[in-house]
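Next come the chains, spelled out residue by residue.
There are 6 protein chains.
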Amino acid sequence: MKLSHFDDQGKAVMVDVSEKPDTLREAVACGSVSMKTETFRLIMDQKINKGDVLGVARVAGIMGAKRTPDLIPMCHPLSLSSVRIDFIPVEEKCRIDIKATVRITGQTGVEMEAFTAVAVAALTIYDMCKAIDRSMVISDIHLVEKSGGKSGHFRWKGNPETF
Amino acid sequence: MKLSHFDDQGKAVMVDVSEKPDTLREAVACGSVSMKTETFRLIMDQKINKGDVLGVARVAGIMGAKRTPDLIPMCHPLSLSSVRIDFIPVEEKCRIDIKATVRITGQTGVEMEAFTAVAVAALTIYDMCKAIDRSMVISDIHLVEKSGGKSGHFRWKGNPETF
Amino acid sequence: MKLSHFDDQGKAVMVDVSEKPDTLREAVACGSVSMKTETFRLIMDQKINKGDVLGVARVAGIMGAKRTPDLIPMCHPLSLSSVRIDFIPVEEKCRIDIKATVRITGQTGVEMEAFTAVAVAALTIYDMCKAIDRSMVISDIHLVEKSGGKSGHFRWKGNPETF
Amino acid sequence: MKLSHFDDQGKAVMVDVSEKPDTLREAVACGSVSMKTETFRLIMDQKINKGDVLGVARVAGIMGAKRTPDLIPMCHPLSLSSVRIDFIPVEEKCRIDIKATVRITGQTGVEMEAFTAVAVAALTIYDMCKAIDRSMVISDIHLVEKSGGKSGHFRWKGNPETF
Amino acid sequence: MKLSHFDDQGKAVMVDVSEKPDTLREAVACGSVSMKTETFRLIMDQKINKGDVLGVARVAGIMGAKRTPDLIPMCHPLSLSSVRIDFIPVEEKCRIDIKATVRITGQTGVEMEAFTAVAVAALTIYDMCKAIDRSMVISDIHLVEKSGGKSGHFRWKGNPETF
Amino acid sequence: MKLSHFDDQGKAVMVDVSEKPDTLREAVACGSVSMKTETFRLIMDQKINKGDVLGVARVAGIMGAKRTPDLIPMCHPLSLSSVRIDFIPVEEKCRIDIKATVRITGQTGVEMEAFTAVAVAALTIYDMCKAIDRSMVISDIHLVEKSGGKSGHFRWKGNPETF
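Going line by line, the protein sequences match chains P, L, D, R, X and E. At position 144 of the first sequence (counting the first as 1) the number is 143 in numbering that gives the first Met the number 0, and the numbers step up by one without a gap. At position 106 of the second sequence (counting the first as 1) the number is 105 in numbering that gives the first Met the number 0, and the numbers step up by one without a gap. At position 72 of the third sequence (counting the first as 1) the number is 71 in numbering that gives the first Met the number 0, and the numbers step up by one without a gap. At position 28 of the fourth sequence (counting the first as 1) the number is 27 in numbering that gives the first Met the number 0, and the numbers step up by one without a gap. At position 39 of the fifth sequence (counting the first as 1) the number is 38 in numbering that gives the first Met the number 0, and the numbers step up by one without a gap. At position 90 of the sixth sequence (counting the first as 1) the number is 89 in numbering that gives the first Met the number 0, and the numbers step up by one without a gap.
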């Protein structure tokens, strides 16, 4: 068993994908932001008439996906084909779930782009609300599904609550 | 109660800090990455002789803190004074805890920089190990402590397990 | 009469501001996007119920202001204190006017940051609507007001129609 | 009629181009910077012996085209094949016209890259000359021509004065 | 004889590669950092137990290769397929040699990416050690080998000492 | 003797400068690009009538200085006060020497910014000329002078040939 981003002497490398074929690939990641009741209410209300926290977070998440190779050292720079972000408010838990779906026709997968989109959207929700709730928690960022590469189809088998 | 990043008509703004004094400010954030036993072992072993996952993640986290204003829409661009990242392996849980400490002498706080450092370090651990463990989960990213601004000292009062 | 960004031999330089005092400075720039009637209507309607073109453009403009030193070669990297963007729909002209206000306590002015915010917000409006209207025109980007530096207060004396 | 960057619920998305074929695409955009007579003269003279405003603006515009996906939220990151910028001095109007031509072999068009090149070149001209002329105006940024995508050939039919 | 990045009137352009075929290309560049004996010893020792200068420099070099189009004005933005960096300590000279190998399947070569990787890794070594040795010198950055493009195979024929 | 960018356990850190006073600091770095006679001639001639290699390289170097914290992992993000780049053609050696001078009023020095400016300018000269001369060599990048910090004044005492 071996970590692919290190060579035989333990040196970090950006792995060579130059001879892999271009295939259609998709990755879905998710995560959640938990908060106080009043913060949750304010976000839901703002959406309608006083400011759109989730709208700003969606833009940030999509732009964040594009910055993945600037942030994650061994990630390949990629020409992403599509990024979308969905927010699923879970009222009884005062939690906003975030789902990012990224697609590409390319030589390598887009898991990290989906993760980064989720993380940046979550951080943005925190930033937009931190003046009223410093105790928000970002949790449960994980891969939901991945398809299209040589490593085959992956489907998350964990806790069904989030996705 | 009002979200500070929106004005009275609900328009997003980068809030005005131009008349605030420069003060010494510090923020500490943390988070964790949970993984399979063999992944945890491999990271711990690699550290010694076959590649340094945490070393790469530390560099990524520190660089990530500097990219915060590029990622989080309403964050001010800041001249950070210091960033440090600590990893605390929790063997019995197969979990790596991540703590980021950011300092500045400036007009606004550095919470988001500490959060971004944690998130980017966590995403990098995922990326470096994903070939052997796609089911890792990033969780519990929260503010531990914050001092030095007008809003006073904040100390996390939640779950004592992580920090 | 001399261009400040060139030295005596005509070489481009980032001019030296190291001995200038920190003062509170503000710059206001504006510009406009003209479009077909139906595009204008769609933007105004979308704002209410089907997507928020101006919300996305506002986030882009604020983030764009922060990228100014990456884009404009001789601009100093600056710790901006505040950025805000206002959109003024001019219904009878099917035109959206854009106004950006940037503040800093620093050694040099923020005109270019205000201009860049306007330009990026305008480009984003174009991008969001180009599928239905390729003939939109971005015009009249100019400085409205500037205060706080050694060069004194500037107030635009041109065409009163926009600002 | 629908804005392509929003889904059916009005959420912003980076539209999916993963199944579109790679084709050769070109976009041409233009714009202009109007200024005082002496500013125009100085730029024209400087070109010859005391500093090259347009040379700096050309480099900035080409580099700006490459930053388009960092600036415009829903733009795809693209491997541009070519960027060129032409300046056309219009002496009787004391105006510099700017034309940017961008090409790619790819899945989506490069209009926004051509627009961004024009805007950044125009902003740079402003920045290089602002010490002597704060009243310059950037105007008339529009698409001149576009070819190679599914939406067919577009040719600007407006005001013949600029292009 | 003509510089390819200028057109017939001497204007800088990003040259058009839109009709070139995708081929597998590789470039190898190298360079060196010379230092005092004790600095060299410290780097070699640190590697083992007190901090990993070369590990940090390797991450920086790989990330630097990805920033090439942001830094070098006429470079095309590229989807790099692989980047690796090797350090070769030359004990008798108190010198660390750096070799970067970059691959792509694309329309243009990756020499500048290999050069940038070497330069950024070298600058990082300097930065990490400058507190104890300000007189380090970075030298001999050159192309070692290049293959896969229309211009044919290039093999460095100079000084055999470094590579 | 200790490397300042590592803590006592050998972990990389961005060192804490939050309590250091703002002082005026300056750093001067230099380096050189050696080339074939005809390449050198072409650059010198182009300057006059067919394209301005050094003009493009100067813009790239100044912009590169601003990207230093994005490239060098442990560098602080700084509000640079001034950057200038001089090229000194050394005809008898077919070499272009590059000198970068960076100033700041700040809490930490700007050596790395001066180095990065030299390196990016040198890489750009290579890029602009590589179609006619792949064997150019970048050498002798070193610190010439540094003043203004606690570590005192540094003046290079090496080879007098370059600076």
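Simulated from the structure, these hints should not be mistaken for laboratory data. Hints are not guaranteed to be accurate.
Any copy, or any two copies together, can satisfy a pair, since identical chains are not distinguished.
Said to hold, decoys possible - Computed list of lysine-lysine pairs in BS3-like fashion (alpha-carbon distance at most 25 Å, straight line):
1. Lys10 to Lys149
2. Lys10 to Lys156
3. Lys19 to Lys156
4. Lys1 to Lys35
5. Lys1 to Lys19
6. Lys35 to Lys156
7. Lys35 to Lys149
8. Lys92 to Lys19
9. Lys1 to Lys92
10. Lys92 to Lys156
11. Lys149 to Lys19
12. Lys1 to Lys156
Structure-based check of each hint:
Proximity of Lys10 and Lys149 under a CA criterion of 25 Å is satisfied intra-copy only: 24 Å inside one chain copy versus 32 Å between copies. For a Cα distance limit of 25 Å, the shortest separation of Lys10 from Lys156 qualifies neither inside one copy, at 32 Å, nor across copies, at 29 Å. Taking the shortest Cα distances, Lys19 and Lys156 never come within 25 Å of each other, neither inside one copy (28 Å) nor across copies (33 Å). For the identical chains of this complex, Lys1 and Lys35 are inter-copy neighbours only, at 14 Å across copies versus 42 Å inside a copy, given an alpha-carbon limit of 25 Å.
Proximity of Lys1 and Lys19 under a CA criterion of 25 Å is satisfied intra-copy only: 20 Å inside one chain copy versus 36 Å between copies. When the C-alpha separation of Lys35 and Lys156 is checked against a cutoff of 25 Å, the pair qualifies only between copies, where the shortest distance is 14 Å, while the shortest distance within a copy is 29 Å. Taking the shortest alpha-carbon separations for Lys35 and Lys149, only the inter-copy value of 22 Å comes in at or below 25 Å, while the best intra-copy value is 43 Å. Taking the shortest alpha-carbon separations for Lys92 and Lys19, neither the intra-copy value of 44 Å nor the inter-copy value of 37 Å comes in at or below 25 Å.
In this assembly of identical chains, the alpha carbons of Lys1 and Lys92 lie at most 25 Å apart only when taken from different copies (22 Å versus 39 Å within one copy). For a Cα distance limit of 25 Å, the shortest separation of Lys92 from Lys156 qualifies both inside one copy, at 22 Å, and across copies, at 19 Å. In this assembly of identical chains, the alpha carbons of Lys149 and Lys19 lie at most 25 Å apart whether taken from the same copy (9 Å) or from different copies (22 Å). Within a single copy, Lys1 and Lys156 get their C-alpha atoms as close as 23 Å, which meets the 25 Å cut-off; across copies the closest is 38 Å, which misses it.
Hint violations for this structure: numbers 2, 3, 8, all remaining hints satisfied.
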